[in-house]
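Engineer: Residues per chain are reported as follows:
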Amino acid sequence: MALDYEVPRDKRLLYWLGDKLIEYRHPVSVVVIIVTALFAYWGFQLQLVTSFGDLLPQDHPYIKIHNRYSGTFGGANNINVMIQVKEGSIFTVETLNKIWKMTEGLDKVYGVNHNQIDSIAHRTVRYLKVAAGGTMRAQPVMLEPVKTAEEAANIRRIVHNAENIYGLLVSLDDKAALIRANFIEGRLDYKRIFTEVNENVVAPFSDATTEVFVAGEPRLYGWVYNYAGDVFFILVITWCIEWVLRWQYFHDWRGALRPTITGVIAAFWGLGFIHLIGLALDPLMLVMPFLITARAVSHAIQMHDRYYEEFEKSGWHKRRAIVAAFGELFVPTLSGITADAFGVLVILLVPVVMLQKLAITASWWILAITISEMLLNPIVYYYLKPPEPELVVMRERGSFRKGINWFTGRLLTTRGRAMTVVLWLAATLVAFYFMRGLTIGDPTAASPLLWLDSPYNVSHKAIQDKFGGVEPLIVVAEGYDKDAMKDPGALRNMERFQRYLERDPSIGYSFSLADIIRAVNMVFHELEPKWGVIPDNWVDVGGLFFIYFSGSPPTETAKYVDPSYTTAHVTFFCKDHKGENIRRIIKECKEFISGTQIEDLGITLTTGQDDAVVIKTVAAEPIWEKAGPSWVVGSQASGDAPFKPGDRIVAVGKAPVKNEAEFRTALAAEAGHTTLLDFKIERGGQSLESTVGAPWKAVFKLAGGLVGTLAAANEELVKNDVLMNFLGFFTMYMIMLFTYRSFAAGLYLLAPLALSNIMVNGYMAANDIGVNIHTLPLVTVGLGFGIDYGLYIVSRTIEEIRVRGSLEDSVREALETSGKAVTFTAVTMVISTVFWTTSHIRFNAEMGLLLAIWMAISYVGSQTLTPVLIVLFKPRFIMREANRSPDLTSMTAQRAAR
Amino acid sequence: MHLGMWNSIAIVLGFSFFVIFLDEYVVKPWRHKKWERLAASGDKEAERLLNMARSAKVSDE
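These protein sequence lines are chains A and B, in that order. This note's numbering runs 2 ahead of the 1-based position in the first sequence. This note's numbering runs 1455 ahead of the 1-based position in the second sequence.
Hints are computed from structural coordinates only; laboratory data are not their basis. Among these hints, one or two may not hold up.
In silico BS3-like links for lysine-lysine, alpha-carbon gap of 25 angstroms or less [said to hold, decoys possible]:
{"hint": "1", "chain 1": "A", "residue 1": "315", "chain 2": "B", "residue 2": "1512"}
{"hint": "2", "chain 1": "A", "residue 1": "387", "chain 2": "B", "residue 2": "1483"}
{"hint": "3", "chain 1": "B", "residue 1": "1483", "chain 2": "A", "residue 2": "404"}
{"hint": "4", "chain 1": "B", "residue 1": "1499", "chain 2": "A", "residue 2": "315"}
{"hint": "5", "chain 1": "A", "residue 1": "387", "chain 2": "B", "residue 2": "1488"}
Facing chain A, from chain B, some residues (calculated, C-beta under 8 angstroms) [to be verified]:
{"hint": "6", "residue": "1458"}
{"hint": "7", "residue": "1463"}
{"hint": "8", "residue": "1470"}
{"hint": "9", "residue": "1475"}
{"hint": "10", "residue": "1478"}
{"hint": "11", "residue": "1487"}
{"hint": "12", "residue": "1488"}
{"hint": "13", "residue": "1505"}
{"hint": "14", "residue": "1508"}
{"hint": "15", "residue": "1512"}
{"hint": "16", "residue": "1516"}
The beta-carbon is built from N, C-alpha and C at its ideal position, and this holds for glycine as well.
Bound conformation, chain B alone (with noise of 0.2 angstroms):
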């Protein structure tokens, strides 16, 4: 395929939302099960770090 402009932006968006949708469907909730995982596995630190991001209280302001 003859790469453009136009067909270039095409593909570089494409594959932006591609990352997007992975990363929330995907990768994130991939990675919260494994680090929970990690946790309950008996990794201290693990269980400290995920035990002060539950804690945390996020101000959005």
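This is chain A alone, in the form it adopts within the complex (with noise of 0.2 angstroms):
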């Protein structure tokens, strides 16, 4: 049947489509079902996958360190176990052995690098021995399982004199030990590793005297593995629920079905296109298919319920019912469809592998939508039995609609409007107070990844409360030349640098070469603690190294420093990893490493004209002297140097330098990439150029550990945070722009989203949510999905000013018919995420509510003020189309006249 009926000229060519789409439902059907058939067995194949790298922004210089030492001097991947005594302490028989034991049984776990295991029963672990004869070797604190409680109390004595162990990996009380383990991170396998180590490490040995706590990122995210089941109860939970709604809102099991339909079709189409792509599903991101599935169910229950009414409206004509519906929300479910799908591509420009692969996969995902609703929804309906005309009546006169009815007449009314602006004022401004708050990074000192109450935090929390600090943050030291880390100079550098950030309240611990020099002195010295210092001269130095690796393979000292003596490493324990604490810590880095090469170079400095660096004093030490073009350190002294106080240092190598700030920043990056150090100094007026040999023998490289990749991480965030908010909100105006042809538009449509936006991040503030690498893709996920409600009331309210002409009149027709579906789908996503309240997974809970609070706060937002904006403003993209009633026109009657 062609459209021999009177169509809406504007809208003929989609009415044409729909008509067209009945008309080829056949072929059309069978490509759709064999192409979802074959995303439905992709999908079927995926697997749960998270990959540590993912998650950290690679080109981040960083990270760069960390990749690159991460597998000699440990990374991020740190099991640490600490096995605890009830009573007594751990020197007993029974209970070194089960330290031997679960040390064995860490050792042979999946992915663990064996040179980097510490623990007081593995060989890398050593003490120095001064053996017959005055030599000295260093062993391991255990060769065996102890046997007898002589040798329990002989162990004590060695880890109670042994600075590298007591503190470190026995606990101060000797009530605690810990087991640390390193994992290579190209075989990390979370669910293997959290399996064996419940196996060979756990269960064995926890008992009525004995408590075992497991932490460390490859432990978290076992967990988070371990709970990835969830997702089945609430998607059982949320369909059910979800399926009875629709159920009673339709009053026809079909109106549940259709979007089943749509939902399930979009779910393959995207599954699938994630294996195709070789890509795995992130048990972090579970939410986000549930969101976009619960997307794709609220646009085809806008669909379906525009069907209901055009079934009436037509005469209970089937097929012209489903071609007006789809003509008619064409454009609407288009544009929100396009909204979600570019919003959520956004964040492909955050440089985190992660968030670009979710990029990717959910704007496919969204866009597969427009496959399953728009194509395949006119064919669906013609093969479905139409609705019982008493059924569509009877609905009419249901609660839920004389429900909005009557929120739309208060709503409209002077004081409705005035209460509305005044409330959402209020509102915004209360989000505003609490969202100082807001914090980058993690805010507590717990993994926000999961509960406080969790036997994960319960763990890190006994660890960290016990041993002070487990987290670490690694400083490479990187020498210019080999044996630069036996310079005694390096060496106090370091020591030095621990002291310094020891000072910090986060700090627990460090450790560093500098220890074991100073540790090995004394002990060579017959342990008098005035002979713990650090050499004078590298030979020294160099003969107390040989001493104490001498005995241990390359493999085992290469955790301390590489076998050239090039590049070593300070690793600082963190007691925890707040978003601040990183940050200030970081700081304290940065300020350190500018502030001791300044110091090396004999310069003070001082703030110009114009916050300029000038050069405020020249020590007499280093002794310049000229080799060649340049400056280097020397013994006689020449009378000249490189500075002289009141230069004004202008640039240091290419870099601009305009205040002291950049001046630390350049001088640190031009220092650690060359030995010679070009500046440019203005000299009485003149322009000077001066190139220095860098005054030492190392640099200091941020940052590997855990909390290195967190800093990483925190400082792409701060970058990206607000990028993500511009780009996603430019995104949603540039296709409100399009769709009404209008630069007001966007602006009426934004306007509840940015208010939303503001109240989430309240929130989040409030409840000590951070803005993390997980949250970051809320904002533009959220606005994307949010405007959806919007878009469904303006374009009802244009489409009904063109028949009534009054405005007030059709913002309320259309609140009460789109508005209605808009309320009901409104409903469905906010419990499509809400159910995520209830995992095991505190990021997925908090980001299931974080998603709900979006979609209900943008929801009030299109229904309260979009509405009440219009009505105040009357803005002209909709007052210009007033009793412009679209002229009808017939296909086949525009073909007999041709």
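Since each chain sits alone in its own frame, please combine them into the complex, following the hints.
Structural biologist: Encoded structure:
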């Protein structure tokens, strides 16, 4: 049957398309079913995988350092196992043998770096033993399981005298021992590690006298995998509730089925595509598929509601009703889907692989809704039996409809409008107040991925309480040449760095090569404390290193220093990874690094005009002498130097310097890649260029370990949070500009979303939820999905004003018709996401809750603020349509005329 | 009971068929009777709407 009836002239193409889809329903259905079956097949092969590397901004300089050295100095993937006795001390035969077996068990776990295990029962943890004849050798603390109480007492004596063990691997009260293992990043199989740690390390040794606690990133992700099964419980609950709600809303089971078809087809296309491009589902991103499916279902609900309406309007003509619903909702639906897809695609700009994968897969999934919702919609309706007229007619008498009508009536009164504006302003001000406390990074010491009382966080806290700090920040001391680490100056700098940063309350303790050399020197001098210092010359330093490391293979010593003694590290064990603490620690690191470099150059700085960097004083040391065109540290005073008091430094290397902060950054960067530092100086009105040989053997480079990688992620977040907000709103605005051909339309639709954003941020701040890599996509996803509500209302208002002429009547009708469906879809969207609050994974629970709040606030905004603003300000993009009833045309008439 | 992928799918499919059955054989007949009762009890609007629905000629094409 062709379009032999009158349709709106401006939408005749859409009506024609809807009709053609019905006409060619069989081939279209067959193609869609085949493609969907293929995607379903691929979808069922998907696996849950989290890749730690995907969570990191790989281009960040800290991550480059982390990647370069994590294999030797340890990365962010440490597992910390603490064994704690309830009574007495760990120095008993039974407990020490447990530690021995647990260490062996941990050494057998898949992916462990066998040379990076720290435990008093591991071969790599050694102490210096003075043998007969005065010879010294470093030997493991435990060579075999303990047999007698005397042996246990001897181990206690060794531990209490070893600076690299007591307090670090054995608690100061002797009640707990720590076993730390680093895992190879490319071999992280979180599920397997979780199971094997449980089987080898935890279960056999936890009893009435001993407690075992396990923390660390691989363990954390193991728990996340363990809890990923929550998704099925949430799926079942959500599905059942949604089915009942839709059934009750439409008074017909077809109303429950039709949106399900849309959602399931889109899900198959989305999941299949993820597998097809070689990606996997991240257990931390499982909320997103739910949300997208809920979005697909929401569009289908709008369409189904409109189908009922058009069915009655068309005189109970099924095909006309289908075509009319398709034609009338095509623009808002397509616009909504496009907004959703592009909103999510913006996330692609964040240089974090996991978010980029999310952007690609989610956008595709959302775009797949166009197939399942728009292309298939007329066909599915055509195949299904039409609803009984009695059902359509009597449904309008329902309490839901009456409630919507009552609310709309109150909202559009003068008092209602005033109250709406005042309440929104007040809510926004309150949210602004709370929003000030919003933090970047984790605001708590516990892992935000799991709940505070989860077994993981309980273990994490127990270890932190006992050992002060277990989260490593690795600062690499990179030498310019081999043997740089034998330079006493370099070692003293490491020691000073440790003492400087240990003043920070978030640093538990630190460890470096300097600790080893001091301890060895002391042992070498019969344990006299006055010899616990770094020797003055590199020959003595080299000798002591030889004594300590000579009995150990390079694979074991590499965790302290590389075999050529070029590079070592200072590791700070932090008490937590709160965003603000990480920021402060990194700032202190930078201050120390550039501060010592300035000191080593023998200069002090002052601030000149316009914040210029001016040299205040030049110290007598180092003594400079000319070596060709460069200045190097010499031994005889030449009376000349590269710097003079009053010099203004204008550039370091190629980087211009305008203030001290820029100078410090430029100096550290320049020293990081060259030994010859170029300074551009203004002296007495003249411009000079000075090349200075760096007076140090090694430079500190930030930063590895968990804290280092989180610092990099947080720095990227600061940059990208603002960018995400801007691009999210800009994308939506542009889509609205094209949809309504109006500059103002975007403002009316985005206003409630901007306020929703402020309120959600306020909620996050008030509830200690920080902006992190997982919450970053929230704003763009929330924006894309939130704008759909407004789109349906505004589009219907425009449609109505063409017929009615009165703006207020049109807004009322839009709220009572599309608004009713919007209200119902908002309820279903909120329910789809809010059930995630039951998840054991705190991140998913909070993400679900935040998205639910986003959806709820933006719905309330679209149902109250947007219509009130439209009625108050009478925007031209709506008013210009008044009384412009669309001309009706008939396709057959047109053809006949031709 | 531990919920996995396949038993979750079985539950949701089973529930959906249960809703379809309930709608077709229990709720719809009950609603129909309720409206007829309302119309018979003198509810003018119910009577009007019911008459309107009864007189409707559905075109399934």
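Engineer: Indicate, hint by hint, whether the structure satisfies it.
Structural biologist: Quick rundown of the hints versus the structure:
1. Using a Cα cut-off of 25 angstroms, the hinted pair residue 315 of chain A and residue 1512 of chain B holds, with the two alpha carbons roughly 13 angstroms apart.
2. Proximity of residue 387 of chain A to residue 1483 of chain B is assessed by CA-CA distance (about 15 angstroms); at most 25 angstroms being required, the pair is judged to hold.
3. Our distance criterion of 25 angstroms between C-alpha atoms is met by residue 1483 of chain B and residue 404 of chain A, whose separation comes to about 21 angstroms.
4. For the suggested pair residue 1499 of chain B and residue 315 of chain A, the alpha carbons sit about 22 angstroms apart, so the restraint of at most 25 angstroms is met.
5. Distance check on the hinted pair: residue 387 of chain A and residue 1488 of chain B sit about 22 angstroms apart at the alpha-carbon level, within 25 angstroms; holds.
6. Hint on residue 1458 of chain B holds. Least Cβ distance to chain A is approximately 4 angstroms, under the 8 angstroms limit.
7. The interface hint given for residue 1463 of chain B holds, since its Cβ lies 4 angstroms from the closest Cβ of chain A, which is under the 8 angstroms cut-off.
8. Restraint check, residue 1470 of chain B versus chain A: the minimum CB separation of about 5 angstroms is within 8 angstroms; hint holds.
9. Taken as an interface hint, residue 1475 of chain B checks out: its beta carbon lies about 5 angstroms from the nearest beta carbon of chain A, inside 8 angstroms.
10. The interface hint given for residue 1478 of chain B holds, since its Cβ lies 4 angstroms from the closest Cβ of chain A, which is under the 8 angstroms cut-off.
11. With 8 angstroms as the threshold, the beta carbon of residue 1487 of chain B comes within range of chain A, its nearest partner Cβ sitting at about 7 angstroms, so the hint holds.
12. For residue 1488 of chain B, the suggested interface contact is broken, since its CB lies about 12 angstroms from the closest CB of chain A, more than 8 angstroms.
13. Here the hint on residue 1505 of chain B is kept, as its CB sits about 7 angstroms from the closest CB of chain A, short of 8 angstroms.
14. With its C-beta approaching chain A no nearer than about 4 angstroms, residue 1508 of chain B sits inside the 8 angstroms limit, and its interface hint holds.
15. The interface hint given for residue 1512 of chain B is met, as the beta carbon of that residue sits about 6 angstroms from the closest beta carbon of chain A, less than 8 angstroms.
16. With its C-beta approaching chain A no nearer than about 6 angstroms, residue 1516 of chain B sits inside the 8 angstroms limit, and its interface hint holds.
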